[in-house]
Amino acid sequence: MRLHWFLRLTLLLLFLVLLWIFVGFILPRLLPVASVSNTSKFGFIFRKEEWSGDIKIVGDLWALPGTTVSVKPGSKILVAKEGDNFNLHWLPWELRSGLNTGTESLGVKNGELYFDEKQKIQVHLAKFFVWGTKEQPVEIRSDETRPGSPYDFNVIKMDEGIISHVVMSNYRKFLVGGNTTIRESEFDVVGECAVCTKYASPSIFKNIFKGSLRTSILVVGGSPKINDNLFLGVGEGITVDPKRFGAPIIYHNNFEVDGVALRFLTGSEEVGGAVALNDFAGPSAITIPCDSRIKFVQNQIKGVFRLAPSGNCSGSMALGPNYWLSADRQAILREKIVGREQRFEVLLPTVLQSSPSGVGRRID
Numbered sequence: 010m011r012l013h014w015f016l017r018l019t020l021l022l023l024f025l026v027l028l029w030i031f032v033g034f035i036l037p038r039l040l041p042v043a044s045v046s047n048t049s050k051f052g053f054i055f056r057k058e059e060w061s062g063d064i065k066i067v068g069d070l071w072a073l074p075g076t077t078v079s080v081k082p083g084s085k086i087l088v089a090k091e092g093d094n095f096n097l098h099w100l101p102w103e104l105r106s107g108l109n110t111g112t113e114s115l116g117v118k119n120g121e122l123y124f125d126e127k128q129k130i131q132v133h134l135a136k137f138f139v140w141g142t143k144e145q146p147v148e149i150r151s152d153e154t155r156p157g158s159p160y161d162f163n164v165i166k167m168d169e170g171i172i173s174h175v176v177m178s179n180y181r182k183f184l185v186g187g188n189t190t191i192r193e194s195e196f197d198v199v200g201e202c203a204v205c206t207k208y209a210s211p212s213i214f215k216n217i218f219k220g221s222l223r224t225s226i227l228v229v230g231g232s233p234k235i236n237d238n239l240f241l242g243v244g245e246g247i248t249v250d251p252k253r254f255g256a257p258i259i260y261h262n263n264f265e266v267d268g269v270a271l272r273f274l275t276g277s278e279e280v281g282g283a284v285a286l287n288d289f290a291g292p293s294a295i296t297i298p299c300d301s302r303i304k305f306v307q308n309q310i311k312g313v314f315r316l317a318p319s320g321n322c323s324g325s326m327a328l329g330p331n332y333w334l335s336a337d338r339q340a341i342l343r344e345k346i347v348g349r350e351q352r353f354e355v356l357l358p359t360v361l362q363s364s365p366s367g368v369g370r371r372i373d
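Numbered according to the numbering used here, the sequence shown spans residues 10 to 373.
Mixed in with the good hints there might be a few duds.
[Said to hold, decoys possible] For lysine-lysine, the following DSBU-like pairs were computed, each having C-alpha atoms within a straight-line distance of at most 35 Å: (1) K127 - K311; (2) K127 - K304; (3) K166 - K127; (4) K90 - K57; (5) K215 - K50; (6) K65 - K118; (7) K81 - K304; (8) K65 - K127; (9) K127 - K90; (10) K166 - K65; (11) K182 - K143; (12) K234 - K85; (13) K127 - K85.
Read the hints as simulated data drawn from the structure, not as lab findings.
The whole structure should be built from the sequences, with the hints applied where relevant.
What follows is the structure in structure tokens.
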């Protein structure tokens with residue numbers, strides 16, 4: 010008796026799903042851990058691996074979801090700047106090369122380089138544990154002579170894990186998942202975002218961000234904890250699009266950037282997060298929409314607090330107690346809080362007379 014075509018299709022799909030579960034999740038647990046040292050890598054990772062020495066990535070690298078990659082102290086992960094020996098990205102807009110001289114196109118802004126996937130590499134890892142130490146940090150960068158370019162390789166991505174005492178540079182963006190800790194590391198020469206998180210809640214603390222052409226940390230949705238970091242150089246410090254349920258907690262950071270230190274792109278959140286005990290130094294600015302529910306308390310703000318233009322702001326916003334380097338409420342409203350619309354009022358119920366105790370980055 011012949012099976013109906015729909016039943017045959019269902020059985021085939023079931024077989025493929027079971028095969029994927031076995032290969033992607035079960036097989037990596039059955040295979041022994043592979044020691045990888047002083048070698049080149051590209052292609053797929055099917056088992057748990059432990060890296061040491063100099064690891065040269067010469068093509069796209071994609072780890073199956075059940076795998077774990079651990080990196081020993083003092084290791085170097087060098088990604089080839091030119092030549093992708095195992096390209097996994099073949100969409101026409103991904104293969105486009107050169108400089109974008111027009112309007113923004115598929116995430117590439119004017120003045121930025123296209124992804125050029127025939128030449129540039131992406132690294133996608135599942136569980137990634139990088140165990141650098143203060144004495145023996147781990148380097149993740151391109152193989153180009155320093156300082157290199159912020160577009161030497163395109164993407165590094167991890168679903169979960171720990172980045173500890175790592176020096177990272179020369180990449181477009183670093184995508185991290187929810188069960189992730191980024192600590193005591195340095196990020197430099199970055200194109201889009203040194204750390205990017207979307208609908209996830211990682212912990213990001215005690216790092217130094219030396220500048221990104223766009224932003225050092227990009228948060229879309231989710232409720233990450235971002236504390237005790239130092240933000241320097243060009244680009245924005247933290248850019249947040251909280252969506253509906255995002256509630257980031259941003260506290261005890263030092264912002265010494267040249268432009269926008271903290272930008273919230275959207276408001277009307279269900280809960281909102283908190284920005285507390287941060288030191289906004291120099292000319293750095295804070296930009297938020299008028300309907301944001303974020304709570305600003307106990308910060309030291311030397312720059313300006315800018316309300317993003319919307320054209321439909323009405324009502325009021327009450328800011329918590331902050332130190333504005335001035336005790337004159339009217340001067341603060343006139344000089345420090347800018348971008349107010351006619352139908353909208355900013356309230357300062359309490360103005361701190363001095364810098365809050367413990368403000369800024371806490372250093373052990």
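Checked hints:
{"no.": "1", "hint": "K127 - K311", "in the structure": "46 Å, violated"}
{"no.": "2", "hint": "K127 - K304", "in the structure": "45 Å, violated"}
{"no.": "3", "hint": "K166 - K127", "in the structure": "19 Å, holds"}
{"no.": "4", "hint": "K90 - K57", "in the structure": "26 Å, holds"}
{"no.": "5", "hint": "K215 - K50", "in the structure": "31 Å, holds"}
{"no.": "6", "hint": "K65 - K118", "in the structure": "30 Å, holds"}
{"no.": "7", "hint": "K81 - K304", "in the structure": "40 Å, violated"}
{"no.": "8", "hint": "K65 - K127", "in the structure": "18 Å, holds"}
{"no.": "9", "hint": "K127 - K90", "in the structure": "11 Å, holds"}
{"no.": "10", "hint": "K166 - K65", "in the structure": "17 Å, holds"}
{"no.": "11", "hint": "K182 - K143", "in the structure": "24 Å, holds"}
{"no.": "12", "hint": "K234 - K85", "in the structure": "28 Å, holds"}
{"no.": "13", "hint": "K127 - K85", "in the structure": "24 Å, holds"}
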